[in-house]
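Trainee: Chain B: place on chain A using the hints.
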Amino acid sequence: MTQNALLVLGSISLVCVVTILISVHGLRRSRTTRDFYVASRRVPPWMNASAIAGEYLSAASFLGVAGLIMAFGTHGLWFPVGYTAGFLSLLVFVAAPLRRSGAYTIPDLMSLRLPSRTLRRLTALLVVFTGWLYIIPQLHGAAIALSATTGLPGWLGPAIVILVVLPTVVSGGMRSVTIAQAVQYWFKLSALLVPTMFILLRVGAGEADFIPDLANAFETELVIETHVSTYRTISLVAALMLGTLGLSHVLVRFYTNPDGPSARRTTVLLLGLLAGFYSLPIILGVVARAVLPELAASASTDTALLRLPDAIFTGVVGDLLTALVAGGAFAAFLSTASGLVVSISGVVSQEFFGGTVRGFRIGAILAMVLPILAAYITTGLALAGAVAMVFTFTASCLAPIVLLAIWWRGLTVHGAITGMITGAVVSLGALIAGQLLELEGFTATVLQYPALWSVPLVLAVTMLVSALGAQRPPAHTEAVLARLHLPEQVTEPAQKY
Amino acid sequence: MSDPRYLDDEDFELDLIRDPPPAAQVPDTLRAMRARRVQVDMPSGLPSVQEVLHNPADTAARTQPSARAVRRLMRIQLQLAVSLMASFFGLVVVVNLAFHFSPALAGVPLLGVPLEWLFPSVLVIPLLMLLGWFYVRRATVHEHQLAAELTDQTPEGP
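In order, the protein sequence lines correspond to chains A and B. Note that my numbering has the first sequence beginning at 1, numbered continuously upward. Note that my numbering has the second sequence beginning at 1, numbered continuously upward.
Read the hints as simulated data drawn from the structure, not as lab findings. Hints may contain errors.
Here's a subset of chain B near chain A, in silico, CB distances under 8 angstroms, partners left out [said to hold, decoys possible]:
no.	residue
1	L84
2	M129
3	L131
Even for Gly, the Cβ is constructed at its ideal location relative to N, Cα and C.
So that you can see chain A by itself, here it is in the shape it has in the complex (with noise of 0.2 angstroms):
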């Protein structure tokens, strides 16, 4: 084995093993009951907000974006304007009446709202399937980075990340711990940048003969584009800015504010934290673009990060700057991972195994063994493509429903339940298709990224059957919605933050 190869694996073991002694210094903490049910209304906006980006941060905004960038160029930029646009959306629409509704997940939301056991267990199962979809590519990345940096066979990374994530939630150690999250947020960030310094002053001061041509990389068409490109673009963004109020891992997190002020400031302090982290992926996607350009083409543009050192440094500080890069992606991996497990497992262990210990754990377990099948099965999609997919889907489904759930009182139960199952069949059935079909131009786009018409067919038909269904909205409702949205000095004027 190369000296490169033991350097990756060490940092990989030390995330790992940093990754368990923070859990099980975090179980260990709160074993208090003050710690269990205090200590998550005292989180301050800043540890929660490093959490929450910690938890987001996946294999596709690690790796996958600067692959885009240096596959498609200026598409690829569109990554992350979009994943942070979500949390916009998130801030305006949801963050303030979620804290406030005191709901801990999509379904808790949902039945406040609407009291109805179909459309409870139909938004559960929606949930639970995205967060399976969304572990898919977090155990793609972990094969291809091992692979791709210490030539060890694919299946040990996804083998690695389940050692790791299923022994901490079953144990139930994650439940509690944010500050887990939030270390891995500030790792994944050095990971980054300590390299892109690197890699920055090497390219500005090296000598002369070895500067890329950086001009170069705005020009070259690394990847011949067939099809019209501002149509995806534009329905790509819209995905995105919507999937994330579907993310149940995320919306989790929210609960942690002490009030909807706070939830709001968590989520302005989330931007800048998102901000600051992908300006990283995007310099080096650029330098990628330039010093790699014969990648791109090899179709294994998620390993160009990992490449990226080696390509620029030759010896021991490539070696060093590769192992750190990995060491982050794995970081990626396991929060991003963790957060969903538990998030899935949570549900499952409500919905179908009556709260239960045990539930939660065979919820974990299935999280995570589905998604291994189907890891298997699904291949050779770009990881960042991938989640963007994840993201249509929840964009489609759920998060119509949400917003008219938080903000219009005509919402009936039918019209939910509708909406859900429209949102859920046409967007994978679009996707699917665009994938297996042998389809080529506009109408291949028009499938693969739905978002742009699937989102206003969803909220149309939600609103149509709401409006002109038999049903009445509950009776509840006016009540539900002044919950949510009045101000925490006029419902609780005597409680002091």
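Mentor: Then chain B, alone, in the frame of chain A:
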């Protein structure tokens, strides 16, 4: 902080997790109660809507905001949210269409970087942060206005 009445916050632990005293020291009355100890589980069912809405601050003396006030608040907050998101998304659409129909515009170099590259990578994300900051300011003002109107209506208690 040596006064034992003022426990340091970090050292505070509930009695529940202390080891119980040896059985011999426990009086019979307490031992009888121990036998009826109940196991506490995570709630298996959901709280009902009435339970969630129940608010300990609700007393007869407080005027709850009228349904009209709630509607008005929701409407202005929604107007603010929709107009912010629509203008942001509108900007994305307009800029992309402009780049599509005018490659010359897309290629305009700014600081050595073509506009097509500079816009999404450097200009958009600060704009998002600005919009977020602006939203929080406006939304909080709306809520304070509602609260102020309500306190004006509420007669001060004795």
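Trainee: Against each hint, give a clear statement of whether it holds in the structure.
Mentor: Comparing the hints with the structure gives:
1. L84: Holds, because the Cβ-Cβ distance from L84 (chain B) to chain A comes to roughly 6 angstroms (cut-off 8 angstroms).
2. M129: holds, 5 angstroms
3. L131: holds, 6 angstroms
Hint violations for this structure: none, all hints satisfied.
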